[in-house]
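Protein sequences, first through last, are from chains D and U.
Each residue of the first sequence is one higher than the last, beginning at 1 in the UniProt record's numbering.
Each residue of the second sequence is one higher than the last, beginning at 1 in the UniProt record's numbering.
It is possible that part of the hints are untrue.
As the list claims (entries may be wrong) - Under the rule of at most 30 Å between Cα atoms (straight-line distance), these lysine-lysine pairs were calculated in the DSBU-like manner:
{"#": "1", "chain 1": "U", "residue 1": "Lys-457", "chain 2": "U", "residue 2": "Lys-476"}
{"#": "2", "chain 1": "D", "residue 1": "Lys-98", "chain 2": "D", "residue 2": "Lys-59"}
{"#": "3", "chain 1": "D", "residue 1": "Lys-98", "chain 2": "U", "residue 2": "Lys-307"}
{"#": "4", "chain 1": "D", "residue 1": "Lys-247", "chain 2": "U", "residue 2": "Lys-307"}
{"#": "5", "chain 1": "U", "residue 1": "Lys-346", "chain 2": "U", "residue 2": "Lys-533"}
{"#": "6", "chain 1": "U", "residue 1": "Lys-194", "chain 2": "U", "residue 2": "Lys-418"}
Source of the hints: derived by calculation from the structure; they are not laboratory data.
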Amino acid sequence: MNLQIALLLGQDGITNGAIYALLALSILLVFTVTRILLIPLGEFVTFGALTMATIQSGKPVLFVWLLLALTLVDAALDIRQQVGQRFDMARLRMTAIKIGYAVLMVVIANTVPLADIPMAFQALLTLCLLVPLGPLMYRLFFQPLADAHSLVLLIVSIAVHVAMVGVGLLLFGPEGARTLPFSDTGLHLGPVMLKSQTIWVILVSVLLIVTLFVTFERTLYGKALRATAVNRVGARLLGISPVFAGKATFALAALIGVSSGILIAPITTLYFDSGFIISLKGFVGAIIGGLISYPVAAVGAVAVGLIEAFSMFWASTYKEIIVFTLIIPFLLWRSMTSHHVEDDE
Amino acid sequence: MKSRYLPVIALLLLVLAPLVLPTFQITLLNYIGLYTLVVLGLVLLTGVGGMTSFGQAAFVGLGAYTSAYLTTTAQLPEWLQWAAGSPWLALLIGLVLTAVVALLLGAMTLRLSGHYLPLGTIAWGISLYYVFGTLTSLGGHTGVSGLPSVELFGIVLDKGEKMFYLIWAILVVAIVITRNLLNSREGRAIRALKGGQLMAEAMGVNTFRSKLVIFLISALFASLSGWLYAHTQRFVNPTPFGLSMGIDYLFMALIGGVATVWGALLGAGILTMLKQWLQDLLPILFGSDGQYETIVFGLLIVLMMQKAPGGLFPMLSSLVPARFRQRKEISINSNAESLPRRELPKSGQLILEACEVTRRFGGLVANNNMSLQVHAGEIVALIGPNGAGKSTMFNQLSAVDTPSDGEVKFLGQSLKGKTSREVASMGMSRTFQHVKLLPTMSVLENVAIGAHLRGNKGVLSSALHMEREEEQRLLKEAAYQLERVGLGEYLHEEAGSLALGQQRILEIARALCSDPCLLLLDEPAAGLRYLEKQALGDLLRKLRSEGMAILLVEHDMDFVMGLVDRIVVMEFGEKIAEGLPVEIQTNPRVLEAYLGGAE
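Could you build all of it, start to finish, from the sequences and the hints given here?
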């Protein structure tokens with residue numbers, strides 16, 4: 001291996017690592033606020049990439065019908081909840097807005113010539129289509145179980161992932177897809193040629209991380225979510241709605257997942273079932289961070305990306321084995337340091 | 001009465017099935033049998049032990065690939081030559097290999113709590129899957145074909161109809177073994193894993209060992225299923241051992257009812273049939289090929305978790321009218337030999353001594369320079385206002401917690417570095433301030449956990465029910481202790497159905513079952529009615545006269561003053577008084593602590 005190759009691999013590693021870091025952060029965020037390990041995060045990535053690809057290829061965007069269907073189920077549940085009580089006009093208006101939004105998306109997806117609009121708008125539309133899936137997912141699958149044992153939540157999370165992979169196959173078909181790169185020019189930095197997509201990935205990742213940081217440190221809503229993460233009951237007593245916290249974190253996670261999908265779609269061919277492995281690598285990062293520490297998780301995730309890139313060079317067939325056995329030393333270390341007997345929560 | 005014939009009828013149906021059913025149905029039944037075997041392990045692991053595993057498919061693969069490799073490779077390495085060609089030898093090696101891998105993985109991950117274990121199982125599930133797929137000696141992704149048929153008593157099991165008998169015979173044995181194991185001393189320890197680990201440790205159960213045992217058993221069941229699969233198909237490739245199959249196994253367990261042995265059969269049956277049906281139906285519906293059944297399965301599990309988290313089997317059995325339901329009452333043989341008893345120390349001998357115990361939590365000093373002594377044949381009460389540090393002190397005394405300074409001595413030995421399990425075996429037994437029992441288990445079985453250290457028969461003899469004599473002795477002891485504390489008429493009730501006061505009494509019976517020389521009772525009289533309190537007082541007096549040392553924390557002053565020999569009073573983590581009840585009642589510092597000072 002010479003320096004050239006090392007730099008190239010390092011670049012690949014950091015690009016993927018940045019994506020894993022984003023995913024690790026949203027996994028942590030969702031976990032600390034809702035106790036849910038968001039396994040379906042990977043499906044947001046693939047759905048994002050594949051929707052973008054569908055838009056660019058000019059095929060019909062089938063996902064929009066799923067959005068409409070889920071929104072209608074959500075609305076039906078909302079209304080059923082209110083039957084027998086006095087109808088709350090504000091909530092009804094909210095329901096109407098949600099249905100209106102879904103209908104608007106259906107109209108846009110079926111009338112605008114999506115393949116011809118600028119790429120930035122395509123990406124924006126992809127986000128507009130997919131991010132509502134986050135809160136919808138929380139509302140339909142997790143909200144009724146908000147007080148369940150955390151292992152039940154994990155099982156539901158896996159079940160949602162399994163269902164979404166099937167849905168992905170139905171919506172996007174078995175073929176893999178790649179999208180057009182955001183821009184063509186690379187950046188020469190001494191001996192290194194930085195690929196343009198690498199720069200995009202790193203820029204957007206940093207931007208998202210900074211935005212998250214500012215949101216959580218400076219805004220009231222961010223502080224509310226942090227409070228929920230620290231103490232769920234306490235936060236509820238102070239008037240922070242757990243439903244709001246759940247939906248908001250799921251929306252953030254969806255935003256991050258879908259953005260990651262759009263970012264990596266030009267460099268990697270993604271299939272309907274590629275999401276799991278991607279999100280698991282985010283999980284490896286999150287586990288390295290002990291499911292608590294954001295910075296350690298981010299560093300761990302970047303390390304996962306680098307190790308993956310370099311093991312691709314030395315032992316490409318064993319790449320996945322190396323990455324997933326990587327967490328065993330960390331698990332081992334955790335088992336060494338925790339000795340107390342625990343009862344169920 | 002009819003239910004007694006059910007197993008016989010079921011067995012008969014099983015024997016007849018291959019003679020009347022078409023091959024296709026038999027193939028399905030074979031799959032159901034194979035899956036049930038794996039799910040049975042999961043019931044033990046997840047439903048009973050509370051540990052979620054998504055990695056069982058990897059163990060199935062381990063069993064299947066070991067046999068495939070050993071029976072088909074033309075040129076085995078030198079050191080493996082002896083194992084070539086024989087499926088039975090390969091089975092044995094596969095099981096040993098699985099056991100080694102399971103022990104390694106278990107030792108690494110079972111100490112972890114909460115989410116790490118399931119995430120760990122996902123990680124090694126994926127890793128092993130990729131190992132199967134990449135090792136060229138295992139045929140890579142194309143797999144290994146041409147496995148020999150299993151031969152049994154000279155009969156070659158070369159058809160599905162013939163393998164059927166082997167698969168279901170093994171499954172029946174596995175079910176019997178599992179049920180036997182659960183209804184034994186080891187089984188009670190295993191059942192305590194879910195929600196009662198702290199209590200079980202205090203009763204002397206090595207909970208980590210129990211976890212490892214069921215992890216091992218579930219891995220072995222899976223490996224056995226893999227071996228059967230390999231020789232039924234006579235072909236293996238990595239696909240059926242991937243993570244998605246591991247998830248399917250867990251789904252089967254959840255759908256059937258993860259806490260019941262029959263739920264395993266039901267779940268495996270339903271999911272297998274449903275998959276078959278959906279794989280025919282959905283592609284027609286959606287107009288293209290693909291594994292669309294995953295959508296249905298995923299949503300089904302979400303719905304189950306939301307509406308019926310216990311699974312279908314408990315739901316179905318609750319539909320059966322009560323009079324047809326089998327009420328299992330554990331029989332107690334009153335002729336069984338009594339358990340040997342520990343010789344109690346002579347009355348007046350020093351049993352427990354705390355020397356200047358200090359416990360700090362960061363800057364907070366919960367116990368400061370606390371010293372107290374308890375002698376054999378003496379009841380000592382530890383009293384004090386709320387927040388005085390009594391419970392912390394209790395934890396120091398019972399080795400649940402370690403003092404920051406000072407030392408606790410029990411029977412002359414320092415408790416430094418000892419676990420609550422070791423302390424239990426030395427003869428200290430306790431009850432808990434917040435009742436810790438297993439609400440769905442019977443009162444009798446709950447109490448029998450207390451006698452855990454008085455039996456020594458292991459997992460194997462439990463599984464084969466070769467420990468029935470010892471088991472009868474343990475149950476007789478439990479029944480005797482329950483009679484003694486006045487719960488004799490509730491032996492077979494669910495422990496959770498007792499009133500709170502009775503549950504506290506149950507804890508005393510459980511503590512007595514371990515044949516202690518020192519009893520630590522945390523608020524035993526709370527929630528008791530007047531007559532029950534009197535009965536409890538009488539019981540404690542009787543124990544005292546037998547030479548038992550008793551230390552209790554209690555708020556009920558009437559109860560304490562009429563009963564105990566000495567009182568230690570705590571306030572703000574320190575001892576403010578010690579003496580006879582009469583002295584304490586007139587001690588000005590105590591009065592000030594309890595009633596507020598006179599200005």
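Evaluation of the provided hints:
1. U:Lys-457 x U:Lys-476: 16 Å, holds
2. D:Lys-98 x D:Lys-59: 25 Å, holds
3. D:Lys-98 x U:Lys-307: 27 Å, holds
4. D:Lys-247 x U:Lys-307: 21 Å, holds
5. U:Lys-346 x U:Lys-533: 28 Å, holds
6. U:Lys-194 x U:Lys-418: OK: Lys-194 (chain U) and Lys-418 (chain U) at ~24 Å, within 30 Å.
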